[in-house]
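K.L.:
Now for the letters of each chain:
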Amino acid sequence: MTAHELLEKIAFNVIQGRVEAEDEGFDEGLEGQPGVTELVNDALAQGLEPKEIVLKGLTTSMEAVGEKFERNEYLIPDMLASAECVGVAMDILSPHLMKAGVEGKGKFVIATVAGDLHDIGKNIVAIMLKGAGYQVIDLGTDISVERITAAVKENQAPFLGLSALLTTTMRVMEEVIQQLKEEGIRDRVKVLIGGAPTSIEFAQEIGADAYCKDAFQAINLLKTTVT
Amino acid sequence: MIELFRPGIVVKPYERLNAEQLTWLDQASLSILEDPGIWCYNERAATLLKEHGARVWEEDGSGAPCWRVSFQSGLIKEAVAQAPSRFVLGARIPENRLLIDAEIPRVYFGTGSEANIWLDAEMEDFVSKTNSDVEVKVPRYTEQRGSTALLSRAAHLCDKLEHLDFFIRPLNIQDPEITSDNHDVNKFFASLNNITKHVQAGLTSLSSLGDVIKMAQIIAGGQEALRDNPVVSFIACIFKSPLQIVDDTAAKVFAIVEAGLPLVISSSPQGGSSAHIQEAGMVAQINAEILAGIALTQMIRPGAPVLYGSVPVRARLDDLHDLYGCPEFNQYNIDCVQLARYYNIPCYSTAGVGDAKVPGMQALYEKLFTHLYMAMSGAQYIHYAFGLLDRTNTFCPVQAVLDNEQIGHIKHCLQAPKVDREEIEDTLKTVKKVMASSHRLFARFARKAMHRGDISAPYRFETKKLEDRVIENALIYMQQLEAQPADHLNPEIQEKILKEIPGILPSLAQPSTAG
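Those protein sequences? They're chains A and B, same order as listed. Oh and the first sequence: position 114 is 114 in our numbering, straight run, nothing missing. Oh and the second sequence: position 381 is 381 in our numbering, straight run, nothing missing.
It should be emphasised that the hints constitute simulated quantities derived from the structure, not laboratory data. In this text, all values refer to a predicted model and were calculated from it rather than measured experimentally. All C-beta atoms in this analysis are idealised placements derived from N, C-alpha and C, irrespective of residue type, glycine included. Treat the hints loosely; a few may be bogus.
[As the list claims (entries may be wrong)] Now the stretches of chain A that chain B is said to cover, found in silico as 3 or more residues with beta-carbon under 8 Å:
no., segment
1, 69-77
2, 123-130
[What the hints assert, rightly or not] A short, non-exhaustive set of chain B residues, derived as facing chain A with CB atoms under 8 Å:
no., residue
3, Lys77
4, Leu441
5, Ala443
6, Ala446
7, Arg447
8, Lys448
9, Met450
10, Gln484
Given only the sequences and the hints, what does the whole structure look like? Please build it.
P.N.:
Below, the structure is given as structure tokens:
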């Protein structure tokens, strides 16, 4: 397979949402054919530039997936499948990119705040962000104020995402922002919040930088307003 | 029997009656048919029943020639056993045929009644009296008398409703040019020229039967082709409850059965007036009436395809009108479905009727109550299910669109469980994969089921804000469906029908087909 064909295949499989060979795609009959994992490894083995793999195999195809979603051709599971493909590919490519001195879109610390175990929304956002090229540091659920601020500090992360599903835990977000201020790093990190009980008004009230209704809004916000 | 037919939905039947109760009802019906027996106002039927061994004598004082008929139980059982358990109801295109099988609870839904009123809906803007910034859209309704043009429109719309399996003319045609002589040919032509699904109706005039059959033969491709693919069938409510065979309907039954076309033997006693209101009494009586009607069809022509047509209703006790959307309606009807299954005869049943006069919460309540329950019963052929309001007096197209959505979800809900070895293996594999992944999300693995159509869509007419725009959304969807071209009969076939069959309004001819 030529380099061009290989990149096309990677892009095709991202659109199909096939992480590995045994996965089904959006279209029928693809099981058994190499998925993104196998193809990216092949590409590296053939000596393709990691940056080229990202640009020609992953980025453009993920944009195509976004367009399909906009046109209602794809639903959330399709988007997530494609984002997972990109995420897996980035895991493989990251060490090579770092070695080549290529910078990603930045570190994004994400967590569900203390007292709250809900993580579906947070996970979807994490997968989509990873698929969009961010280096996601997912702290998990029920994370204390101290751990969140420490992670932002240690990683020098320019972005922080906070999630809560409960009206009783959403106030913890305010405590995180307060702690960031107290530690003098509030102006170095953009804080995005989300979760069913939150709103634009709540984000403004607690001093967050943005409220995100869903993962797509988070990515769009990062692309435009926040950055 | 046939390979291509509408899938319907095969359900695991929900049953109310145990085996002993079924036997009691069967015996009660046979006992009624023996004593007091039935009152038959049709001489030919009385004669035929007598020839087959029923005890028949003239009944005095009925105001019209009448014969009392007493059946020995063996006679009814022997005749009913000759009715086929399986047959085809045809359609203009093979994939729209219906495979009706008493042994398979494959449920089909369709329209029904012959309503006088067509109810149009349109959205109108209203401004709040207290705050002129607040505007709302509210549906406003207008009534029209049924006509051939509106029946054509109903057939076109119903052809596009994916969950509607058959078409019983839902509207009475009342154009000035329509008389009792040309009523049948026009209602059948208006229907058949706009829908590719099975068409069924009652016969207004016996003298029109020949013309209707001729029309059906032209469409099906000849006499034999019509036998194989009966694109039309008929409904005959031969009994006037309680227990009286009607003269002119009996004559129609003879003619239809002799012509070899499928027929519904329907009875519709009203619990509280023309039958007991109690379940046992109602069901024993309607079952007796239907069994006697079916027995007659088999004496006319053994093996005649016939549906067990049960439409038991309850009376409102405030005005003695029919009360459809009530618990007793479901109880009566599901018992009848079980009895039809007991006799191995396909069941024509009823759902989707209520007292509501316009689409809305009441209509939704009444319809869902019976749509779901009767689908669960496993009746093969459920009529009245689309568009009816004000009991059976109004046909409302946007209501038919709302019913289509409801029935679609009911069909989905009652699908057979997909639990087999392959699914289980797939599940175990997926669980391992998800638990080994970073975020433990199953979303990606929803795709296979999603793409093969196993996952239902959200309610089509939902609103996401603090408002209810269901009717507005349904109207928009209805307009989209109606904008799709109708699948008319081939112009040569239309021309032949108009040339050979007198009385059809020329305005019903259509210039082209959808291809």
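K.L.:
Name the hints, by number, that the structure is in violation of.
P.N.:
Numbers 3, 10 - these are the hints that the structure violates, sorted from lowest upward.
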